[in-house]
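Participant: Two chains, two frames, a set of hints: combine them into the complex.
Given next are the chains, with one letter for each unit.
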Amino acid sequence: MNTTATTTHYPAATTHERAESHTLTVLVDNEPGVLARVIGLFSGRGYNIDSLTVSETEHQKHLSLITIVTTGTPMVIEQIKHQLERLVPVHRVVDLTVTGKAIERELALVKVRGKGEHRVEALRLADAFRARVIDATTESFVFEITGKSDKIDQFVELMLPIGLVDVSRTGVVAIGRGAEAM
Amino acid sequence: MTREMTGAEMVIEALADQGVQHIFGYPGGAVLPIYDALFQQEKVRHILVRHEQGAVHAAEGYARSTGKVGAVLVTSGPGATNAVTGLTDALMDSIPLVCITGQVPTHLIGNDAFQECDTVGITRPCTKHNYLVKRIEDLPRVLHEAFFVAANGRPGPVVVDIPKDIQFAKGTYVGPQNIKHKTYTPRLKADIEKVKAALELMSRAKRPIFYTGGGVINSGTEASHLLRELVKLTGFPITSTLMGLGAFPAANPQWLGMLGMHGTYEANMAMHDCDVMICIGARFDDRITGRLDAFSPGSRKIHIDIDPSSINKNVKVDVGIVGDCGHVIEDLTRLWRAAGVKTDQKALKDWWAQIDKWRARKSLNYRNSSEIIKPQYAIQRLYEATRDKDVYITTEVGQHQMWAAQFFHFQEPNRWMTSGGLGTMGYGLPAAVGVQMAHPKSLVIDIAGEASVQMTMQELSTAVQYRLPIKIFILNNQYMGMVRQWQELLHGNRYSESYSEALPDFVKLADAMHAHGIRCRKPGDLDEAIKEMISIDKPVLFDCVVDQKENCFPMIPSGRAHNEMILGDAAENLDEAITEEGKMMV
Ligand SMILES: Cc1ncc(C[n+]2csc(CCOP(=O)(O)OP(=O)(O)O)c2C)c(N)n1
Ligand SMILES: [Mg+2]
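If you're matching them up, the sequences are chains H and L in order. Taking this note's numbering, the leading residue of the first sequence gets -3, the next gets one more, and so forth. Taking this note's numbering, the leading residue of the second sequence gets 67, the next gets one more, and so forth.
With the rest of the complex left out, here is chain L (with noise of 0.2 Å):
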């Protein structure tokens, strides 16, 4: 289909014609006549935040729930920058977005014109890729083919500035239509004989151990239930990074919980002893991998990844295979039918046993309270609260990210949204404002700390104008938890600038915001006032008073190896848990 049109009107119908419903915005002079283009239409929805950090955390929030390719419009200058750090958040955990940006006219360009910043140049290394786009003639091909780059290969953000005099000028539109990128054409199917390597490796393993992440998301609904086959099929057990949680259920027996640096106990003691890793869709990223000489010393690897550059890039592999998670997940499962593969029963049984010494000393242990609620019980009374109910959980970034992490347990995937490469404070709020944006009907649940969420607040009030009834549970500890357990660690208790002053009153705030307030600070109170958060059909600010001095555990000290983990008091001290070899480094 090709019509004349301005340049703003192609924008609309390219979104259109891609299939957005929704975009997150904000306007400003150089974007006005795309406003005016989405003013006279209803194909594509418009919502206003209140600052464009958010709109593209909403947009990451739609995305990472949806599988969609979330979109984002704002305006040049401070529109752009203050953008920059959703971009770099969705880059670092390889989320699609599409981003317009508007220009200052094209005979503008580099003369700092008001409003003007150098967009592209700016966001070159915080987007998987960006367009300037100075002639109308490429506009519907740019974006087209802007949707094409998100949503393709390793997912990312993809940036589309356009001068104010490209979005009156008129053009032809063209349709998404056969878009084919010249030169991007990122391999799905893998190479059948490395496959086949992976599966030698595996038929052979008698320590395994399934290392899963985000790209198994990614790479869609299909994927997280080949994956449930395989490892079913197999028999092994499986780990996940924080962000690939929900890709395999937590509540199978042959899931370890998360490993990394506040992983479980099992789940790092089994990648450190385990002698075939298969890590799909996952990165080696320093928070899993802890001290990289001493990471899982004695096992043989194997890396699926979409993204050639992955593999090889912090742990070298033995075997590399560049596709889509779900499709190796696929050849793996149909060829491991095909030979009618024969696993050593016996070593597998021992793995087993070790693994369940392991978790014998529940390490998520913690020493409960009935006079102060202690954060990980908030946690768990939400889940158990929740754990029927359609529920979709953000976070910010903290300690009670890593409980939540720990303590909230996800059956299937694109039910958690957090940051977890860039670790953004301020992503939670307004990621839970795109999710419910996406699943009005659903529970929608930021799990907050009190720091974190002041960073973005501002975005309750797009909750409240748009009816988004989203919970926001904030762990108040009244201090920057996670920064103050570090001081304790490295810095010798000296709690420098740690310390949350000033706090506004939440439950004020909520009402000065339109949304409903709830405190609570008392165990015994909880479960009720959870029961009356799930039940109110509005914003809620939860301000859930905990122990200020909690602390996360287990951990591994960054540069440490896995089997030098700190565990909590209140993890069973059992001796036989630790290996022999463990011993010697602890």
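Chain H on its own, in the form it takes in the complex (with noise of 0.2 Å):
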């Protein structure tokens, strides 16, 4: 893609740092649009999302907390950072990953076919996985199982031979350790 640098008017593409993996959490007011605009950043500037979640979380002071995982070089991701402050109804953004010190949590729903032998083991990798069984047929399995992000692709790869039928994930939630407020 030489060709670009020389036959066009625009600067040639700087070489590039590596690519990292950051949970960021947005505090921002509950109203029409917002999530909107935060997708629309992502999606408009080029940024990726890897996870998203939002849910409301003080309903009184109409305030909702975003939490966003997304990959790209510091610079990139300290460009989000900032991008997202600017938006007008973001109170906070925090990117936990250079805080240092957060923890991270996903929920996730499995949905497992099988008979004999293959519930008996099912049952058991739920167990070593501390997952719950939350409905059960004479032919399946619905477990619920949290934790990190990777724990959870471990149990659903492991339950793919055995008859992994649906997964949903809620994406990632994080939030700092400590006693301090975001």
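Please keep in mind that the hints were generated in silico from the structure rather than gathered at the bench. Backbone N, C-alpha and C define an ideal beta-carbon position, used for all residues, glycine too. Mixed in with the good hints, there may be bad ones.
[Unchecked claim] On the chain L side, residues computed to face chain H include the following (Cβ under 10 Å):
no. : residue
1   : P99
2   : M158
3   : P171
4   : L174
5   : G176
6   : A179
7   : F180
8   : C183
9   : T185
10  : G187
11  : I188
12  : K200
13  : F234
14  : A360
Facilitator: Following this line, the structure appears as structure tokens:
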């Protein structure tokens, strides 16, 4: 793609730093369109969204908390943070990956179908992962599992050969450790 | 067929494979590779407009008069933002377009690079669908998909945003064979049980009416022919929205004229009093229904539409049929014949007698003058002078648009191009450019207002450059007449900013732009002047100086019911024409 540099009036791409994954929490006013603004920012500026969760957290104050997992070079991540801060309904943006002491959790519902040996194996694995059975029929289970995303990835992978049917995941929620507020 | 080529070449290749012969556009930094590829081929002809809004309207006119997908090419940033009004217009009127926009190179996206804008973000709400192509491998598929999405189901505009590095990148071109969208597969054939339910209602109707719209025209000329057959077969009266004019011939005695805010008395009264309404390819828009809770209160309603979300959106219907108008009308006709339906002849006779009474009000009457040209008279004379010709009409937006709809009569579909849903002043002139490009031998007339025409006036240069002999027939009332009319109705005649000050001398303007200018002030000179306009093989700017104060009637003030129409003072005041119920409400 060398031609680009020589035949256009745009500067060439700079050599890339390594992309890394970051978890950001964004405190926003819970008003119509706020999620669209956040998502529009990501799609419009070409940033990645690996995971996104949102829910109202303080009903009285009309506040919602958005947790976003994104990948980018440190420069891009910093841009994302600043761009988010610039949105009018955004109160605060914290990069939990930078503050370095955050807890991340995700919840997944995993449906598995199988008979005989497979059922036993599914229950054994669920036990090892501390997943709970929340629905059962003679040929299926639905497990509820919480944990870090990679733990869930691993559980889902193990269930695949046993008879995985469906997975529904919440995406990551995160919070800082210790006594301080965000 | 697969071949190695650059992204820019793929664009041209895909356009040609999709049958595009003309593309309307404007160059700029982010589309230069595509313009370079255009330069080196002869399959696709580019028409250089003077503003990107004009490119989109021209493509709309092209699409509406041919039934094909219109094509547009614009640069990033201001090129894309200038196209937004046209895209929104096409979305509102369901016009199939593919608009290719240049974008800054992928590595600069999100950086506020020179002439960058978030084109897919900006156009998301004003397109049927849009794409940002970030990999050369995706480009051929996306281009073909764009045409599929634009033309199928309820048609609409599709934007394909192509970063400049993708235009330079080399890849493998794939032809349009077997392009099937993963998720988008609109339904054409209707559920036959629903069609039977509609037939059942229709066969027992005592006061039926067909209410048709732009969907019939979008469905293709065949749908219009099938509609004529069905209407003849049933003997029911028919009215249409602004968008649907021409699908049914205005000369046919079963035609009641347009309905809605400026529709005829007979069309609106019949809609109000009917017992079975058959809506085909129309969407119960607020200009049609007026006050919703008083809209056709006693009728059972059948709604045929290709867009499931249109059904039960504004008005609750009894039978909702999802399918392509043409297919459904065909089914209805076939089943009607097979069942040998016997309608209630006595009831239908009474219904027609009632309709004739409404017709006798002559709601389109106006007081003519021998001193000053009445705008209605001007349209009538224009119609008379061109009725035997191969003529296409576009309009701007305002009173002149409504008078054109009322007094110019269409016998065929695809002959009438007007901005219905968005009501975009400045639509008509560039749309006429597009129509004339598609039909070089035909007579193409933009019925314009002196205010509207100034919004996209510069496209006259495009017409001159490509020797497109469009006729711009300006009903010059020196007012934004439609605004003034509402100010009289709602704001105590305070004409706030609605006077057209400092108008150009349109004749001199035409001269300066290498077009031909004509001015006419007297009713007695009108026919001669129109004749001159038609005879000139050049773009003509016709300044028809009309009565400044004339208003557009009949009218249903917004928020009122169909039987609360205001008639012009020239309408016949026949007492018995109003139903008892109507009297109570007036
Ligand atoms: C782009 C745009 N801006 C504003 C309007 C609002 N508007 C509707 S009709 C009209 C006046 C049109 O005046 P003119 O073109 O002279 O037509 P007339 O009503 O006098 O026939 C205006 C301003 C519009 N429809 N479109
Ligand atoms: Mg005017």
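Participant: Confirm or reject each hint.
Facilitator: Now the hints, each set against the structure:
no., hint, in the structure
1, P99, "8 Å, holds"
2, M158, "21 Å, violated"
3, P171, "5 Å, holds"
4, L174, "6 Å, holds"
5, G176, "3 Å, holds"
6, A179, "7 Å, holds"
7, F180, "7 Å, holds"
8, C183, "9 Å, holds"
9, T185, "9 Å, holds"
10, G187, "4 Å, holds"
11, I188, "9 Å, holds"
12, K200, "8 Å, holds"
13, F234, "5 Å, holds"
14, A360, "31 Å, violated"
When the structure is compared with the earlier hints, violations turn up for hints 2 and 14 and for no others.
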